[in-house]
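The chain contents come next:
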Amino acid sequence: MSKFQRIEVLRFAPIFTMVLFLAPVCAGLIGTWLPAVGIFPALGGEEFSLAGWHELFAYPGLGSALRLTLTCGLLSTVLSLVLVIGFVASCNERKSFRALRRFITPLLAVPHVAIAIGLAFLIAPSGWFVRLFSPWATGWTTPPDIASVQDPYGFALTAGLVVKELPFLFLMTLAAVHQTHADRRLAIARSLGYGPVTAWIKTVLPAIYPQIRLPVYAVLAFSLSVVDMAMILAPTTPPPLAVLVLRWFNDPDLSMRFVAAACASLQFGIVAAAIGGWRLLEILVARLARPWLIDGRRGGGGDTLASIFGFTATMVCGLGALSILGMALWSFTRRWRYPDVLPSAISLDSWMRQGGSILQAGLNTLSIGLASAAIATILVVACLENERRQSVQTTTRGLWLLYAPLLVPQIGFLFGTQVLAVQLNIDGTWWALVWTHLLFVLPYVFLSLSDSYRNLDERYVRSALCLGASPNRTFWRVKVPMLLRPILYAMAIGFAVSVAQYLPTLFAGGGRYVTLTTEAVSLAAGANRRVVGVFALLQATLPMIAFGLAIGIPALLYRHRRGLRGIA
Amino acid sequence: MNQSSGQGRTQGRLALRNVTLGIGGRPLIAPLDLEVTGGEIVTLMGPSGSGKSSILAFVCGTLDPIFDTAGKIFINEQDMTNLPPERRRAGILFQDDLLFPHLSVGENLAFGLPQRITCRQERQERIGQALIEADLEGFERRDPATLSGGQRARVALMRTLLSEPRALLLDEPFSKLDVHLRERVRRFVFDHARSEGLPTLLVTHDPEDAAAAGEKVLEVKPAMVDNFAAPITPQKNHEMSTNDRAEVGIIKKSITVTR
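Those sequence lines, one after another, are chains A and B.
The numbering of the first sequence is our numbering, which starts it at 440 and goes up by one.
The numbering of the second sequence is our numbering, which starts it at 346 and goes up by one.
Please note: incorrect hints may appear among the correct ones.
So, partial list: chain B residues that the calculated Cβ filter (under 8 Å) puts toward chain A [what the hints assert, rightly or not]:
(1) C405
(2) I411
(3) A415
(4) F445
Calculated directly from the structure, the hints in this document are not laboratory data.
Small disclaimer: the values here were computed from a predicted structure and weren't measured.
All residues carry an ideal CB built from backbone N, CA and C; glycine is no exception.
Whole structure, please, built from the sequences with the hints as guidance.
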């Protein structure tokens, strides 16, 4: 009886998931676009008006905000992509590759706010880099008066984005390389006399690019509309567009909401145009590169390229690691005067003094993260199991839908989502927060789990069924245990994504819920590096613990099961 | 294995009546009628892609729904065609042993034992007995991954037999074993199938398997090259087009080999 019920319930899993997940995005977009054209009954906007847009275009800083947004967003995406492709192409057969690979995965778990805060300390005029060389090399006995963080060109923000995006694109590329059996193509090209880099670019890249296209677009959309990192690393007068939107949404003058909505719509348009433009560029590059693909040039050994890309990739990851290390040191610092390279006195004071707010923010972060990760995992497993039982395939279009919340800029729809939440009377509740986090957690959980789930040898299930086990029993006793590691890993990724969310927490929480991330961002504006260090470190540690458990629990449970090591 | 019917052994009967399989509107297996009596081993021979494994999947109820099917499956005169796989009690062995890697050897066997045997001691005894039969006494707590190929194949058979199947389906279960092992495992499986009185359907492309089974052999010819499985080479294509459509499908060529 329960078996048939179960199958019925499962059938609705994809639809239910899609509605749960896309409705807030669609409602959010509409709820943002309507106020942009003057319609927002709660504030007395009853009829169509372009006043918001007029006011937006009259804003004197709009031009510089746009320029900043575009340069940081485009530059960081191009840099990250070129770096990743260059690094994988030139170093994939080298020892350094494996080493860096092991190092990059944990870096992915570090929330971008923690990276931004750490990076700000590294490159600040009174930061670690200056301290290392002062005063003996630079002669600076006091911090120099240069704007190295929040610089007018947005270089600091661009660097922060690259540090954060490189690991993501790198891991997506590796997954694609794995899926397309790139090693065989490479072996053939090498045996035909092609140099390693040329072989990779000519035979592997064309095969994997379609697979990393959506991740690249997600990176592009994120970089063009990032708010939390921009609040720490980008200039403030004017800030990038997305920060401007947030500022106006929070303006005490409620009529600014119309301007904010217009600006949020503009932000959406920019991201859409950028993705469209990128697509055109792809077509152009593919066409222009065609003659080069078949001109027979074999390329050299690629040693120079390998050194350049190996070095740069290592530097970028090193920057990420140093950021965390610096913040960790600050959190335990009692006294660390300029230009000392290390603190002169260490203490737990900052941790003790923040005990209360750490507990509050930490518990919120934990409960929201665990709930959204668990719900996302259940939904994803249900969808994948349904896919298996109905033997349907997720189409490319389905994948686009899944990516929707990652391609639409958060600032472009979260305001509208909040309006929806107010109407459902769940605004500012814990459930609204979990739901909003789910929008961003679910895609990553799906991406992480789907391959392992689909690759499980179906004959294990058939064997179990033929041994007389019901589909239910087969699922719980065979599938879940065999897939425990990828399932827990996907959950850990979901948890890490939730921990990192800033805007969704701000909007859905209605300011009532403080998490480690919102606390870290609001503290970052202050001068107390010790306190910021505490929150940044905690924020980076929680996901690490989650990953540790996700890897450790199955390893412990299955320590006597050698056959499981190959799976996942 | 001591089954409910005791020493007499269930003289089971597996019957396929007018079974056809197709995919995307194209026939794969032409109407097939087949009867296997208890203790008999019938062999389906054919190259890969001929759909012979799909017949087994159809019998045990795990065939991918993208296939178009017709015909009926009977085990002991009971119509199985619309039953879910777990209620058909058709045990199957694949090329790979497919022992669950997260369970120990003993736990794998326990997974096969019917739920109705609730007494823990009895379950332990049945498992112990099965291991003795497989010449693996005391292997209960071992990790299946630490066993040799031949040992794993024997555990896999025991797991299936413990589930008290009413028919045994063999999907090239010996093809991945070393040559010297193949012969021994084959004899082990066949002997058990016969002494259990199980109607057994063996699918293979290895003539030696068929010779060893020594009974009825049916040859399956590819109705269509399975273009889901492998890219079609031009040569193959050509061969296919010269094939007479009427001849494709399954050709019954009963060869009776003396035991």
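Hints and how they fare:
1. C405: Holds: closest Cβ of chain A sits about 5 Å from B:C405, inside 8 Å.
2. I411: holds (6 Å)
3. A415: violated (19 Å)
4. F445: holds (6 Å)
The structure shown violates just one earlier hint, number 3.
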